[in-house]
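Novice: So you can see what is in the structure, the chains are spelled out below.
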Amino acid sequence: DTGVSQDPRHKITKRGQNVTFRCDPISEHNRLYWYRQTLGQGPEFLTYFQNEAQLEKSRLLSDRFSAERPKGSFSTLEIQRTEQGDSAMYLCASSLRTGREETQYFGPGTRLLVL
Amino acid sequence: GESVGLHLPTLSVQEGDNSIINCAYSNSASDYFIWYKQESGKGPQFIIDIRSNMDKRQGQRVTVLLNKTVKHLSLQIAATQPGDSAVYFCAVPHGSGNTGKLIFGQGTTLQVKP
Chain E
7 DTGVSQDPRH
17 KITKRGQNVT
27 FRCDPISEHN
37 RLYWYRQTLG
47 QGPEFLTYFQ
57 NEAQLEKSRL
67 LSDRFSAERP
77 KGSFSTLEIQ
87 RTEQGDSAMY
97 LCASSLRTGR
107 EETQYFGPGT
117 RLLVL
Chain R
82 GESVGLHLPT
92 LSVQEGDNSI
102 INCAYSNSAS
112 DYFIWYKQES
122 GKGPQFIIDI
132 RSNMDKRQGQ
142 RVTVLLNKTV
152 KHLSLQIAAT
162 QPGDSAVYFC
172 AVPHGSGNTG
182 KLIFGQGTTL
192 QVKP
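In order, the protein sequences belong to chains E and R.
For the first sequence, our numbering gives the first residue as 7, with consecutive numbering after it.
For the second sequence, our numbering gives the first residue as 82, with consecutive numbering after it.
It should be emphasised that the hints constitute simulated quantities derived from the structure, not laboratory data.
Only true hints are included.
FRET-style restraints, in silico, Cβ to Cβ: (1) R:His153 x E:Asn24: 40 to 50 Å; (2) R:Thr91 x E:Arg15: 25 to 35 Å; (3) R:Arg142 x E:Glu89: 40 to 50 Å.
Simulated pairs of lysine-lysine, DSSO-like, Cα-Cα distance not exceeding 27 Å: (4) E:Lys17 x R:Lys123; (5) R:Lys123 x E:Lys63; (6) E:Lys77 x E:Lys17; (7) E:Lys77 x E:Lys63; (8) R:Lys123 x E:Lys20.
Which residues of chain R face chain E? A few of them, derived with a C-beta cut under 10 Å, are: (9) Pro90; (10) Asp130; (11) Phe170; (12) Phe185; (13) Gly188.
Heads up, the beta-carbon is just placed ideally off N, CA and C, and yes, glycines get one too.
Assemble the whole structure, with the sequences as input and the hints as a guide.
Specialist: This is how it looks when you write it as C-alpha cells:
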C-alpha cells in the first residue's frame with residue numbers, strides 16, 4: 007500500500023452515462039497525476055496538478071474528460087457520456103516535487119468497464 | 082515522439098535464477114529513469130530509479146544498469162522468487178523542464194517457474 011487511494015476500485019456503466027473517480031494522494035504531496043492504462047500496455051499520461059493548478063493535459067483527454075483538485079488535496083476525474091473506448095484502468099499517482107527530484111507513487115487504480 | 086521500449090514482452094525464469102529485463106529509450110537528453118513493478122489488479126509499484134550521472138545503482142536484490150551510449154537500461158533481479166512474478170515497466174520523464182509526466186514502455190511480464 008503506497009498511501010495513494012482511489013475510489014471506486016471497479017465501475018461498470020452503460021454507454022452514455024457519466025462517471026466520476028476520486029483519488030486521495032499521499033498527504034502533503036504537491037503533485038497529482040492521472041494516467042490511463044489499457045490491457046497489455048503501459049500507463050499513458052492524461053493530466054497533472056501541482057497543488058490545485060492543472061498544469062498539463064494530454065491530447066488523449068477529450069472534452070468529455072475533466073479533472074479537478076479543488077483544495078490541492080484529493081482529485082476527481084469525470085468522464086461524461088462514456089464510450090466503450092473509455093474502458094480502461096484509471097491510475098492516480100502523487101509525488102512531492104522538490105527541485106528536480108520526484109518519485110511518483112501510484113494508487114491501485116479504478117477499473118472502468120463501459121457496456 | 083519520445084518513446085520507451087522493452088525488448089521482450091515475456092521472460093520466464095526458474096526460481097532462484099537471476100532475471101534481466103531490458104529497456105531502450107529514444108531521448109538522449111533523458112536524465113532520470115525509473116523501474117516499476119505491477120502485479121495483477123494493482124497499480125505500478127516503484128522499485129528503483131537511476132539518474133544519468135550514474136551507470137549502476139543497487140537496491141535490495143535489484144540492480145539497475147544504465148548505458149547512455151546506446152540508450153539502454155536494464156533491471157537485474159537476483160535469486161528470483163515467485164513473488165517477483167509481475168509486469169515490469171521502465172519509465173522516463175517526458176522531455177525536459179518542469180513536467181514530471183512519465184512515458185512508459187509496454188512492459189515485460191516476468192514468469193517465475195517453481
